[in-house]
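Given the sequences, and given the hints that come with them, work out the whole structure.
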Amino acid sequence: MWRTRRYGAQLFFLFGKRSEKRSLSRRDVSLVQATKILKISSKPKLDFLLQHVGNDLRPYVQIKILDIPFLGLLDSGASRSFINSDTLIQLQILNFNFVPKVISCTVANSSDAHSIGYITVPITLKDRTVLLDLLVMPDLVTNLILGVDFWDRMGIIPNISDDCWHFTSCTPTQPSVAIVEQSRLTDEQHHSLQTLLDLKFSLMGDKLGLTPVGRHEIRLVEGAIPIKQRYYPVNPIKQKIINDTIDEMLRDRVIEPSNSGWASPVCLIPKKDKTYRFCVDYRKLNSLTERDAFPLPYINTILDQLRDAKYLSSLDIKSAYWQIEVAENSRPFTAFTVPGRGLFQFRRMPFGLTNAPATFQRIIDTILGPELQPNVLVYLDDVVIISQDFDSHLKILNTVFDKLIAAGFTLNKNKCHFCRSELKYLGYVVDSFGLHPDPDKVKAILDIPTPTTVNDIRRFLGTCGWYRRFIPDFSTVLAPLTRLLRKNVKFEWTSECEESFLKLKELLATAPVLNCPDFTKPFVLQTDASAYGLGAVLTQTFPDGERVVCYLSRSLSRAEQNYSTTERECLAVIWAVEQLRHYLEGVSFTVITDHHSLLWLHSLKDPQGRLARWALRLQPYTFTLVHRKGKDNIVPDLLSRTVPVIEAVHSSDVTVDPNDFKTSKDPWYLGMFERLERSPHKYPDWRVKDSLLYKYIKSALQSHDYEKWKLVVPSDFRQSLIQENHNNVTSGHLGVYKTFWRIHHRYYWPRMKCDIKRYISRCTTCAQHKPEQLRPAGLMGSHPQIYEPWQMISLDFIGPLPRSTQGRTHLLVVSDYMSKFVLLFPIRTANAKTLVKCIEDSVFLVYGAPQFLICDNGVQMRSRLFLDLCESYRVKVRFTPFYHPQADPAERVNRVVKQLIATYVKNNHKHWDVHLASIACALRTSKHETIGVTPYRANFGKEFRIRGDSFDTDMTDNEPIDVEQRL
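Start counting the sequence shown at 228; every next residue gets the next number (the working numbering).
By construction, these hints were calculated from the structure, which means they are not laboratory data.
All C-beta atoms, glycine included, are put in the ideal place defined by N, C-alpha and C.
Fair warning: there could be bad hints in the mix.
Mimicking DSSO-like on lysine-lysine, the simulated pairs with C-alpha atoms at most 27 angstroms apart in a straight line are [to be verified]: (1) 640 - 545; (2) 427 - 717; (3) 916 - 980; (4) 1154 - 935; (5) 892 - 984; (6) 537 - 630; (7) 717 - 730; (8) 748 - 730; (9) 622 - 328; (10) 434 - 730; (11) 537 - 467; (12) 455 - 545; (13) 889 - 909; (14) 455 - 465; (15) 984 - 1154; (16) 465 - 511; (17) 984 - 935; (18) 651 - 640; (19) 922 - 630; (20) 916 - 1169; (21) 537 - 717.
So the derived label-pair ranges between C-beta atoms look like this [to be verified]: (22) 418 - 439: 28 to 36 angstroms; (23) 330 - 618: 48 to 56 angstroms; (24) 523 - 479: 41 to 49 angstroms; (25) 918 - 1026: 15 to 23 angstroms; (26) 477 - 419: 37 to 45 angstroms; (27) 725 - 1064: 35 to 43 angstroms; (28) 747 - 451: 16 to 24 angstroms; (29) 963 - 812: 33 to 41 angstroms; (30) 1026 - 1101: 27 to 35 angstroms; (31) 676 - 523: 41 to 49 angstroms; (32) 295 - 433: 45 to 53 angstroms; (33) 852 - 316: 50 to 58 angstroms; (34) 477 - 513: 23 to 31 angstroms; (35) 676 - 592: 35 to 43 angstroms.
Right, here's the structure in full:
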């Protein structure tokens, strides 16, 4: 519950009817006026009163949701944020999910109002993005109200007197040689730090340094011949940039004129600040250069050492490569051409050489040495210093400065930061709590437009991959996008791809904080596997609780999807341990799994097969396997289990085993178990049997079969169940009514029909093969009155069809008028002899001779052979009028049969007769709207079983005794 404030007789916002609704127009408030806080002539305060729309003085701010601009009213009187139905429609177009939930609210006039649900969206203001729940009030006059929850999450403070607002963390900073957080240091500490920096920078000087510690040498492969390339043409503006850079490098003795037989072209690379970096295209030279195998540090290893970093400093080496000399005999290889200036070669190590990073890393490691680790971490020219107290930090800084000065290096003063509590390093933000994604990089990802080519997807995935350790379900979320990268897959941007694209942006906007590992504490590895992928989470336990070190996830290959449940769970353990071996090698750790049968891994005797090989791969590690119930193993389960949108897929062999419901993590499903355990008397229509949940549903039909306990389906199995009862051949891609009955006959979950309707509306197969349903023209005719099944039947031919692999070209369709029971007979030749044999052997002698037979005027039906058959069995034949086939009930069945054949045959037209038995089964076992039961039940008095049920719904011993007990 929340309550808005009242000031005088005016309210902050109004609830009105649709006809009374007014919104801001461009005439009333311009975009410039609306994007800043409008001024109130009275004394400054944070509460704004509602005025007339034409003279609206309320404060608005422009926010973005997935790069779409929205105007939001800042309302300090509302503790929650709200939208109306118009804004809800816009957000649903962006594929955000609306969660229906009635929330009662009290508005300023003390009357009650109700929100119909909420929608969760990432809201961006300037360079900040937060995830916010927006309550939906359909009749809200204002499109978007940003309440105190937005103010608090975003951290904004309006300044009415200056017509502006600012973030709470935005404080003016004064330019300084050393960027120091004043609030972190006392006056004495600040003075000590500044004194040290002034002394060291004065000794270091401002000129470009030159280290004597090492030189860069270029070794060519055997047989290499000189490469001479022409320069790239450039415009006058870039030509001036090149000339200015050449003059500067000549002045600093970075380059010198050359008479080399080698020549590479110059190129300008754009930098973040919209300036250009001078580079030389050395790709051809690099192809002839022997590779230096000196290893660069593993970035994850560096990040793992940033634990408990309360004081952080970063040093930026000025033009780092240019402070290393190129060996005399290697300089001619670096020669480059400059338009109008001739040929030059480098005296200092240039950017772009294949072995330049290895050379620099070798030299900087030699200078700083391993004795300063783990307080000094170096990745190329990025040097970071960490400590837990100020005094030790100052000592380490002094040592690092002395080593760099002795080595002849100079630093870039303006890019160094000292004694910070938060620092950007290697694309991450580091603080005492752990690792965060860099907001600038995340914002760049959020601004990426929808991909239109495969290359766009590769670039997007490559950018996001840097932060995959922060995303719990990275691989499963991106599965629709990665499928587009496969060979021979046509690029088609579907709604599933769009949802995956937006979902990843949302996850990045709300990425969690990862803890840096403490190698003095034991690790806990939690793993899980689903039918779609593998998931793992590495944690450690601290006094304040369990903290996450790293998330892992990946999708299963097609072969791995065929593994048994035990094999998939074991694969998850193997994969996670080997991926995290740099944490787990040489230490004892615990592996937690929700699959009890994995406990045999340590006690396996006589190992054989795949599982045995995996057990042997785990032998080098020291760990303890612990079983945890599925409902408690939530995080890794979320990593492995993707929750797809309710939509159709092409696979038709999906089956659901109700016993798998026991592993569900659905909060609603598990909550019902808990409520039944606490207060079973409050839920007389609910029962638990064999660890499965049932609900008592009484049908309007007074039949024992229909008044039964329904098996409750958790949310993570509903799509598969709909798919099984719609896509499978024995289900026939039938409509909403038949699919709903097929599922509802045995199962239950809230809003089942809505889920089924949504699924079928998105089924591409149905959309391609099912025509629009139209009302019949004119008045309907009549047929003789009948009282029992098979009293009147109809028959018709479909064909000629493509000759199947069995040589069949026609399909004979027989339908019982009363029970709607359908028989399908594929035949080679549609002549009278075949018709007579089929009808007599498979219809008359099995189901009995009918009283009436309705057929069209085909030559087979008009033949003397067929008429004699009917006369011998005393069957009255009624022919439909010429040119009016609608009078034959079989015609409607023909249309459905053709649709189903087209659905499953697709491009294999010669296989049209393969699925006929299953198609006929689908028609017979689906509830028919006309008769209210299935054709099978109308004939045999019981329901058809496609396969033996693996569960028992006999709840006689627990069944409510009477209506009063159920109530």
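Status of each hint after checking the structure:
A threshold of 27 angstroms between alpha carbons decides the hint, and for residue 640 with residue 545 the separation of about 8 angstroms falls inside it, so the pair holds. For the suggested pair residue 427 and residue 717, the alpha carbons sit about 61 angstroms apart, so the restraint of at most 27 angstroms is broken. The hinted pair formed by residue 916 and residue 980 meets the criterion: a straight-line CA distance of about 25 angstroms does not exceed 27 angstroms. This hinted pair checks out: residue 1154 and residue 935 have alpha carbons roughly 17 angstroms apart, not beyond 27 angstroms.
Straight-line distance between C-alpha atoms of residue 892 and residue 984 comes to about 25 angstroms, which keeps the hinted pair within the 27 angstroms bound. Taking the CA atoms of residue 537 and residue 630, the gap is about 24 angstroms. The hint holds against a cut of 27 angstroms. For the given pair, residue 717 sits about 23 angstroms from residue 730 by alpha-carbon distance, which is consistent with the 27 angstroms threshold. A hinted pair counts as satisfied when its Cα atoms are at most 27 angstroms apart, and residue 748 with residue 730 does not qualify at roughly 34 angstroms.
Simply put, residue 622 and residue 328 have alpha-carbon atoms about 59 angstroms apart, too far for the 27 angstroms limit, and the pair is violated. A C-alpha spacing of about 49 angstroms is found between residue 434 and residue 730, which places the hinted pair above 27 angstroms, so the restraint is violated. Between the alpha carbons of residue 537 and residue 467 the distance comes to roughly 46 angstroms, so the proposed pair goes past 27 angstroms and is violated. This hinted pair does not check out: residue 455 and residue 545 have alpha carbons roughly 31 angstroms apart, beyond 27 angstroms.
With a CA separation close to 23 angstroms, the supplied pair residue 889 and residue 909 stays within the 27 angstroms bound. The straight-line distance between the Cα atoms of residue 455 and residue 465 is roughly 22 angstroms, inside the 27 angstroms bound, and the hint therefore holds. For the hint linking residue 984 to residue 1154, the alpha-carbon distance of about 16 angstroms falls within 27 angstroms, and the restraint holds. With a CA separation close to 23 angstroms, the supplied pair residue 465 and residue 511 stays within the 27 angstroms bound.
With a CA separation close to 24 angstroms, the supplied pair residue 984 and residue 935 stays within the 27 angstroms bound. Between residue 651 and residue 640, the direct Cα distance comes to roughly 17 angstroms. Compliance with the 27 angstroms bound is thereby established for this hinted pair. Annotation: proposed proximity of residue 922 to residue 630 is violated, straight-line Cα distance about 75 angstroms (limit 27 angstroms). For the given pair, residue 916 sits about 25 angstroms from residue 1169 by alpha-carbon distance, which is consistent with the 27 angstroms threshold.
A hinted pair counts as satisfied when its Cα atoms are at most 27 angstroms apart, and residue 537 with residue 717 does not qualify at roughly 51 angstroms. Distance hint check for residue 418 and residue 439: the Cβ-Cβ separation is about 35 angstroms, which falls inside the suggested range of 28 to 36 angstroms. Distance hint check: the CB atoms of residue 330 and residue 618 are about 54 angstroms apart, consistent with the given range 48 to 56 angstroms. With their beta carbons about 27 angstroms apart, residue 523 and residue 479 fall outside the hinted range of 41 to 49 angstroms.
Between residue 918 and residue 1026 the C-beta distance comes to about 52 angstroms, which lies outside the given range of 15 to 23 angstroms. Between residue 477 and residue 419 the beta carbons are some 41 angstroms apart, a value that agrees with the proposed interval 37 to 45 angstroms. With their beta carbons about 56 angstroms apart, residue 725 and residue 1064 fall outside the hinted range of 35 to 43 angstroms. Checked against the hint of 16 to 24 angstroms, the C-beta distance between residue 747 and residue 451 comes to roughly 52 angstroms, which is inconsistent with it.
For residue 963 paired with residue 812, a C-beta distance near 56 angstroms fails the hint of 33 to 41 angstroms. For residue 1026 paired with residue 1101, a C-beta distance near 30 angstroms keeps the hint of 27 to 35 angstroms intact. Distance hint for residue 676 and residue 523: a CB-CB separation of about 33 angstroms, inconsistent with the stated range 41 to 49 angstroms. The hinted window of 45 to 53 angstroms between residue 295 and residue 433 holds, with their beta carbons roughly 48 angstroms apart.
For residue 852 and residue 316, the Cβ-Cβ distance of about 51 angstroms falls inside the hinted range of 50 to 58 angstroms, so the restraint holds. As the Cβ distance of residue 477 to residue 513 is approximately 25 angstroms, the hint placing it in 23 to 31 angstroms holds. Here the CB-CB span from residue 676 to residue 592 is close to 42 angstroms, well matched to the stated 35 to 43 angstroms.
Taken one by one, the earlier hints fail for this structure at numbers 2, 8, 9, 10, 11, 12, 19, 21, 24, 25, 27, 28, 29 and 31, listed in ascending order.
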